[in-house]
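J.: What follows is each chain in one-letter form.
There are 2 protein chains.
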Amino acid sequence: MKKLINDVDDVLAESLDGFAAAHADIVSLGAERKFVQRRSLKPGKVALISGGGSGHEPLHAGFVGHGMLDAACPGQVFTSPTPDQMLAAAEAVDGGAGTLFIVKNYSGDMMNFQMAAEMLTRDNATVIVNDDVAVENSTYTTGRRGVAGTLVVEKVVGAAAERGDGLAALKALGDSVNKATASMGVALTSCTVPAAGKATFQIGADEMEMGVGIHGEPGRRRVRLGSADDIAGELVGSILKDLSMARGQEVLLFVNGFGGTPTLELYLVVTAALKVLRGSGIKAVRFLTGSYVTSLEMAGCSISVTAVDSSVLSLWDAPVHTAALRWGV
Amino acid sequence: MKKLINDVDDVLAESLDGFAAAHADIVSLGAERKFVQRRSLKPGKVALISGGGSGHEPLHAGFVGHGMLDAACPGQVFTSPTPDQMLAAAEAVDGGAGTLFIVKNYSGDMMNFQMAAEMLTRDNATVIVNDDVAVENSTYTTGRRGVAGTLVVEKVVGAAAERGDGLAALKALGDSVNKATASMGVALTSCTVPAAGKATFQIGADEMEMGVGIHGEPGRRRVRLGSADDIAGELVGSILKDLSMARGQEVLLFVNGFGGTPTLELYLVVTAALKVLRGSGIKAVRFLTGSYVTSLEMAGCSISVTAVDSSVLSLWDAPVHTAALRWGV
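For the protein sequence lines, the chains are A and B, in the order given.
Note that our numbering has the first sequence beginning at 6, numbered continuously upward.
Note that our numbering has the second sequence beginning at 6, numbered continuously upward.
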C-alpha cells in the first residue's frame with residue numbers, strides 16, 4: 006500500500022487537523038473531531054447536516070460553509086459516522102429553526118442518521134440521496150446508492166437554507182433535486198482502504214467496472230475498457246433513460262473524478278458527454294468538472310445530470326463559500 | 006494504458022473543447038486551439054501569458070481569467086507549446102500596455118518563449134519560474150525546474166496586473182515572488198503519457214522518488230517509502246534551507262497533489278508540514294491544498310512555501326475568477 010500517511014489508525018484524525026488548519030476562516034472542528042462545523046453560524050436558519058464515511062473528500066467537510074452545509078460528520082474511511090457524532094453536530098449548529106439531515110442511501114448511514122433523528126428533541130427532517138442509476142440494491146444498499154449527486158442536493162438546498170427557507174420547504178426541495186438528478190460511474194482501477202492495506206477489488210489491465218459505486222462496489226458488469234465516447238454513451242444514456250426529460254430541457258452537467266483521474270481526462274469526458282446530451286436535445290447550461298466525490302485514489306469518473314429550472318439555477322448560482330466550492334463571495 | 010480517452014492523437018483537442026465548453030463564461034479558445042484566452046479583456050492592462058506542456062491541469066488554462074492570466078498556450082502532453090502559439094496569444098490578448106510571459110524553466114519552453122519574445126514587436130518581458138529545490142539541472146532543464154510555485158507567481162502577478170501595475174513592476178514582482186518561493190515533491194507512482202502508452206518510469210511497490218519533477222524526472226534519490234511525517238520533514242526541511250527565513254516569517258503553504266493522490270492524504274500532509282514549519286518558528290498564514298499542478302495520474306505531492314509580506318498577501322487575497330481558482334467574485 007502506497008499512501009502519504011503515518012499510522013493507519015491516525016489517517017482520519019491527521020487529515021481533519023490539516024483540513025481545519027487550512028480552512029480556519031471557514032470551519033472549526035468539533036470536540037473529539039466528531040464533526041466539522043461552519044465557523045459563522047446564522048441564527049434563525051435551518052441547520053443542514055450531512056456526513057458519511059471518509060475517503061470521498063472533499064465530500065462532505067469540503068462543503069461546509071456559507072450557502073451549503075452547517076456541519077459534516079466524518080466516519081472512518083468508507084464507514085458511517087455514529088449517531089453520537091450527528092447529535093453532537095446538531096447541538097453545535099442549531100439555529101432554532103430545525104435540522105435537515107442530508108444522507109446518502111447506504112444501510113449504515115441510514116440506520117445511524119435515523120437513530121440520531123429519533124433522539125433529537127427538536128424539529129428535523131431527512132433528505133435521502135439515491136442518484137446512482139447503475140444498480141438497484143448493492144453491497145451496502147437497499148435501493149439505489151447515493152453518489153456524486155449529493156453535492157448538487159447540498160448546494161441547492163444549502164442556498165435555499167441560507168436565504169431563509171423553512172424546514173418543510175427545504176425537505177421538499179431536497180427530495181425534488183434528488184429526483185431530478187441521476188448519476189452513473191465507471192472505474193478503471195480499484196482503491197485501497199488504508200486499514201485494509203490492499204485493493205478493494207481486482208481488475209484486469211484492460212478491464213473497467215461499468216456502474217461502479219463510490220466504495221468500489223460492483224456495478225452492472227465488468228467489461229473491456231472502452232473509448233471515452235463509448236463510456237459517455239452508456240453513462241449518459243442510462244442517466245437520460247432514468248430522467249426521461251423532454252427535448253430542450255436544461256441541465257447541470259457534473260463530471261466527477263474518483264480521485265485518480267487526470268483533470269485532462271475529465272474535460273475530455275465533458276466533450277464526450279456533451280455529444281450525447283446534444284444528440285438527445287438536452288442543453289447543458291451549467292457545468293461542474295473535478296474530483297469532488299471521490300473514492301480515495303480510484304481511477305475513473307462519474308457523470309451526474311440534474312434537470313434544472315430557473316429557480317434551481319438561481320440557487321445553484323447563489324454565493325457559496327466552502328473549502329471545495331466557492332463563488333460569488 | 007488505462008485512460009478515459011478516444012484516440013491518443015485527439016486527447017488534447019478533445020480536452021480543450023470540454024474545458025472551453027464548461028467555462029465559456031470565463032474563457033474562449035483561440036483559432037486552431039492555439040491558446041485559451043480570457044473572455045473579457047481589460048484594455049490598458051499588461052497582458053499575462055503563460056503556457057507549457059499539457060498534463061499538468063488545471064495549470065495553466067485553469068488559471069486564465071480575472072485577476073490571473075490573460076492567455077495560456079497548451080503544448081501537447083509534457084511538450085512545450087510553439088512560438089507560433091505564444092505569438093498568436095500575445096496578439097489576441099494585447100491590451101496596449103505590453104506583454105509579460107511567465108515561463109517554467111525547462112529548456113524547450115525557454116527556447117520557444119524566447120523566440121516568441123524576440124519576434125514580438127511590442128514591449129515584453131519574461132518571468133522565469135524555477136522554484137524546485139530538489140536538484141540543479143535535470144532531464145529537461147538547465148538550472149532548477151519550475152513546478153507548483155508557478156501558480157503562486159501567476160496569482161500574485163495576476164492580481165497586480167489587474168490593479169494596473171506596469172510591465173517593469175510586474176516583471177520585478179514576478180522575479181521577487183519566484184525568489185521567495187521554494188518547492189519540492191515526492192512520487193509514489195509513475196504517470197503514463199498517452200502517446201507513449203507506458204509508464205514514464207518504473208518504481209517498486211515500496212519505493213518513492215524523493216525530489217521528483219512534474220514530468221516524472223528523477224529527483225534526488227529513490228528510497229523506501231517513508232511516513233508522511235518523514236516525507237514532510239525532508240521536503241519542508243529542504244525548502245527552509247533554501248529560503249533561509251528568519252523565525253516569525255509568515256508564509257503561504259501550498260500542498261499540491263500530482264493527480265493520483267487522495268485529498269484525504271493531501272490534508273494529512275498539511276498537518277505534517279505544519280509541524281515542521283512550527284518547529285522552525287515559521288507561521289503559515291495562507292493555505293492552498295489540492296491537485297493544481299499535476300503530472301497526469303502520478304501519485305505523490307509537492308510542498309511549496311512562499312515567504313509573504315502584507316503587500317504579497319493582499320495580492321494573493323485579491324479577487325480571482327478562473328476555472329480552478331476563484332474567490333472574492
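For the record, the hints were derived by calculation from the structure and aren't laboratory data.
Watch out, some of these pointers could steer you wrong.
Since the list can't tell identical chains apart, any single copy or any two copies may satisfy a pair.
[To be verified] Under the rule of at most 27 Å between Cα atoms (straight-line distance), these lysine-lysine pairs were calculated in the BS3-like manner:
no.: 1; residue 1: Lys47; residue 2: Lys288
no.: 2; residue 1: Lys288; residue 2: Lys7
no.: 3; residue 1: Lys7; residue 2: Lys280
no.: 4; residue 1: Lys7; residue 2: Lys47
no.: 5; residue 1: Lys288; residue 2: Lys184
no.: 6; residue 1: Lys246; residue 2: Lys280
no.: 7; residue 1: Lys47; residue 2: Lys280
no.: 8; residue 1: Lys203; residue 2: Lys7
Note that this is a predicted model, so its numbers are computed, not measured.
J.: Decide, hint by hint, whether the structure agrees.
T.: Right, here's what the structure says about each hint:
1. Within a single copy, Lys47 and Lys288 get their C-alpha atoms no closer than 36 Å, and across copies no closer than 31 Å, so neither meets the 27 Å cut-off.
2. For a Cα distance limit of 27 Å, the shortest separation of Lys288 from Lys7 qualifies neither inside one copy, at 42 Å, nor across copies, at 30 Å.
3. In this homomeric assembly, Lys7 and Lys280 come within 27 Å of each other (Cα to Cα) only across copies, at 22 Å, whereas the closest approach inside a single copy is 37 Å.
4. Taking the closest pair of Cα atoms, Lys7 and Lys47 never come within 27 Å of each other, the shortest separation being 42 Å inside a single copy and 47 Å across copies.
5. Proximity of Lys288 to Lys184 under the C-alpha cut-off of 27 Å is restricted to the intra-copy arrangement: shortest distance 18 Å within a copy versus 47 Å between copies.
6. In the homo-oligomer, the alpha carbons of Lys246 and Lys280 lie at most 27 Å apart inside one protomer (16 Å), although the nearest pairing across protomers, at 52 Å, exceeds that limit.
7. When the C-alpha separation of Lys47 and Lys280 is checked against a cutoff of 27 Å, the pair qualifies neither within a copy, at 43 Å, nor between copies, at 33 Å.
8. Proximity of Lys203 and Lys7 under a CA criterion of 27 Å is satisfied in both settings, with 10 Å inside one chain copy and 20 Å between copies.
Going through the hint list in order, the structure does not satisfy hints 1, 2, 4 and 7.
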